[in-house]
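A.B. asks: Single-letter residue listing:
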Amino acid sequence: MAQPSISEDSLRAALTERLKATHVEIQDMSGGCGQAFTSLVVSPEFAGKNSLKRHRLVNAALKEEISAIHAWSAKCQTPEEYEKEMAATGGHDKPPLDGTEGGKVAGVSE
Amino acid sequence: MSSITEITSLEDWEQHVSSLPPSTLLIVSFHAPWAAPCAQMATVLSTLASEYPVTEPPSTSWVKINAEDLSDISEAYNVTAVPFLVLIRNGQVLETVSGSSAVKVRDAIERHASNAGPGTTASTNGLGAAAAAGNAEGEVATEEDPEKKKQELFRRLGDLVKAAPVMLFMKGTPSEPKCGFSRQLVGILRDNAVKYGFFNILADDEVRQGLKEFADWPTFPQLWVDGELVGGLDIVKEELDNNADFLKPYSVKANGDVFVGAS
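For the record, the sequence lines run as chains D and B. So in full-length UniProt numbering, spot 99 of the first sequence is number 99, and the numbers just go up one at a time. So in full-length UniProt numbering, spot 88 of the second sequence is number 88, and the numbers just go up one at a time.
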């Protein structure tokens with residue numbers, strides 16, 4: 001059963017195209033099996049939407065991809081919010097790594 | 001809205017049983033406080049109980065028994081594992097459900113609650129019809145109409161997400177989370193002294209898959225507040241970043257209550 005291989009590149013491309021994202025960072029946190037990712041998505045489409053709505057936009061854009069992997073985390077910001085955080089943290093706005101240990105999802109996925 | 005009474009002694013039990021009219025469905029939940037699936041079952045049962053109005057005569061009576069403390073009663077009903085549910089009417093055991101399947105438990109209770117006519121030897125004396133009229137479930141659907149099954153499942157899920165003001169659907173339990181995200185979210189709730197109900201989706205595949213569709217949300221853990229989805233770990237953290245008092249209304253700091261999830 002061949003599935004489209006999910007990679008950091010393919011996710012980035014999908015988000016850029018489907019959400020007009022201006023900046024996307026994807027980090028593999030599966031420890032190698034390519035089934036768990038965390039992301040930072042910056043897009044003007046998030047403006048005026050609360051956290052849940054932003055995540056739903058991302059979930060909708062990546063519906064097939066997410067259903068094929070074990071774990072998915074996201075941080076959704078508008079371009080303004082991104083700039084602000086970068087400035088405030090000296091350039092350290094990154095995909096969230098909560099729930100992971102050493103950049104890898106801890107615990108059983110299934 | 002019925003609620004569950006804890007039976008604390010043999011006398012209590014005998015007195016309660018003898019006081020029930022023959023038409024009442026007695027729902028007995030055996031539990032052990034140290035067993036995590038029992039905490040989950042308690043949430044499920046109290047949600048269910050609240051759907052049954054208190055009637056005169058009572059159509060349902062809900063009690064819970066600590067299986068270890070009252071071992072005489074446990075033995076009498078062959079309770080070998082917890083959680084364990086026994087459904088009794090007119091002194092007859094109608095059905096037992098062992099284990100933590102919320103679906104099986106609800107199904108058994110609904111079937112017997114609407115089906116007040118007992119089986120073979122017990123007398124009916126017309127009370128059966130009166131008790132059945134109160135519940136619109138009607139007869140048990142034996143063919144599995146998928147659309148109907150789904151509606152049923154969604155109805156149950158709709159209740160389950162409201163079982164407590166804050167509900168966490170997670171992998172594992174607060175004392176034994178089975179995934180890093182669930183573990184972290186439990187930690188956040190603990191740090192904010194939030195009082196919450198939890199449901200281990202690894203223990204119930206129907207809820208696990210059904211809730212993804214019901215919520216239109218692909219992952220777990222899922223935090224629900226006041227019957228609405230907040231989101232997963234990343235969203236909860238974002239909400240807290242935006243507003244540190246986001247969970248304050250649900251915390252128990254003020255009255256020093258003891259709450260679940262001490263690990």
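These aren't lab readings, by the way, just hints derived from the structure by calculation. Watch out, some of these pointers could steer you wrong.
[Said to hold, decoys possible] Incomplete in silico selection of chain D near chain B, CB under 7 angstroms: (1) L52; (2) P96; (3) L97.
Built from N, CA and C at the ideal position, the CB exists for glycine as well.
A.B. asks: The structure should be examined with respect to each hint, and the outcome stated for every one.
C.D. replies: Hints versus structure:
{"no.": "1", "hint": "L52", "verdict": "holds, 5 angstroms"}
{"no.": "2", "hint": "P96", "verdict": "holds, 5 angstroms"}
{"no.": "3", "hint": "L97", "verdict": "violated, 10 angstroms"}
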